[in-house]
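Undergrad: The chain contents come next:
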Amino acid sequence: MTDEIEKEDESALTAEYILGLLSPAEAQAYEDVLSVDPDLRAEYAFQTDRIVALTDDIAPVTPPPHVLKRIKETLFHEGAPARSGAGVQSWLQRLGLLPAIGGGLLAALAVLWIVTAIVPPSSGPVSGATYIAQIASADESLVVDASYDSANGNLVVNRAVGDPRPGRALELWLIAGDNPPISLGVLPADRSGRVPVSPDLALSLAGGTLAISDEPLGGSPEAGPTGDVLAVGQIVDA
Amino acid sequence: MTSLTDIEDMIARMAIGDRAAFDGLYAATSAKLFGVCLRVLGNRTEAEDALQEAFVKIWRNADRYRVNGLSPMTWLITVTRNHSVDRVRARKSKMNAGMDEAADVADAAPGPEALAIAASDRGRIVDCMAQLDPDKAGAVRRAYLEGETYQELADHYDVPLNTVRTWLRRSLLKLRECLSHDG
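Protein chains in written order, with the UniProt record's numbering: chain A, 1 to 238; chain B, 1 to 183.
In case anyone wonders, no lab produced these hints; they're calculated from the structure. The structure presented is a predicted model; accordingly, all values stated were derived computationally and were not measured.
FRET-style restraints, in silico, Cβ to Cβ: (1) P188(A) - A20(B): 23 to 33 angstroms; (2) P221(A) - V159(B): 45 to 55 angstroms; (3) N82(B) - N152(A): 43 to 53 angstroms.
Every residue, glycine too, gets a C-beta built ideally from N, C-alpha and C.
Only chain A is shown next, with the shape it has when bound in the complex (with noise of 0.2 angstroms):
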């Protein structure tokens, strides 16, 4: 019986909590609870699902053009004119590297032209990849080498140079044409290891850039970088 009512209490409190009738407080509660408790979670799924249907006759009307321009300047910073290059380029901006771009991207190029002409091809984690980058820091005081392998699909990082800042940890970045930053995962606490990368992102991998950010342990808890990004390297034919 106190079932019962606790259950009709919940579908009650449900419904009003939907339908926005609950106080401030009440309302807050009521998320608390939801957030810990996956039985009311499923009641909220079950009674918003169906109560939307009261839009179902609601015709859908176009928005002007100018809302979606809004929304993108706000989410993407776009707006100023575009040119080719310029979705890389922003986001490189936006991770705060477009001071040390120009002698750093250019001076890791050439580093990495010295790896690839110095480095056997047969040795070590090099053997078999496709792609390879070098991606480091402009003072070179993180210094990591990475080389993809189609074959396994495995991205083989190795540290050079460097650690993680203490009580933090390095997370890996792909930055493909336009795309703001996709997570590739953080980085072994090892010198070397594996970072598995999924078959559609490796499509990804030719003419991107991998990036290295300083991030709390785990990894950055949003879709994009948090922290400071360290270094940077451009993806190459291996």
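Following the hints, put chain B in place on chain A, whose structure we already have.
TA: Just chain B now, with coordinates in the frame of chain A:
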């Protein structure tokens, strides 16, 4: 036609920062969601602002979509509706709704992007609402689609606040009971 699976997939890709997925989702759903903003806010300028803010929220919360257990369109409409209701309430606390602009909205025609999202069996709520007393069904709609509070419903139906809460809760339980016989 964009299926619910496509929409789910676009939300998942937005969670990893895929802007092309955002463009796809916007093209597929913005007309429906703008309709919802217009319905709740009854004012074109405000509806545009609400739609903009709702899509910003959708992009930023795409990674949390999975945990709430909602179907993708339900989640998108809920985010948009809740945001529009917040705006309507903020506005009401300042001034009364502009009725002339509301009339303007009524003429808005469905756009060419009108999305054919597979009709679901959610239509059940229409039958269940029909089983409620018309006043009570009206109150549910007013709360959901116009963001009315218990106080506003009490004023509208000219009954004390506690009374409206009691009879609406009873109706919501009846509605819930009917919905569970979904079939």
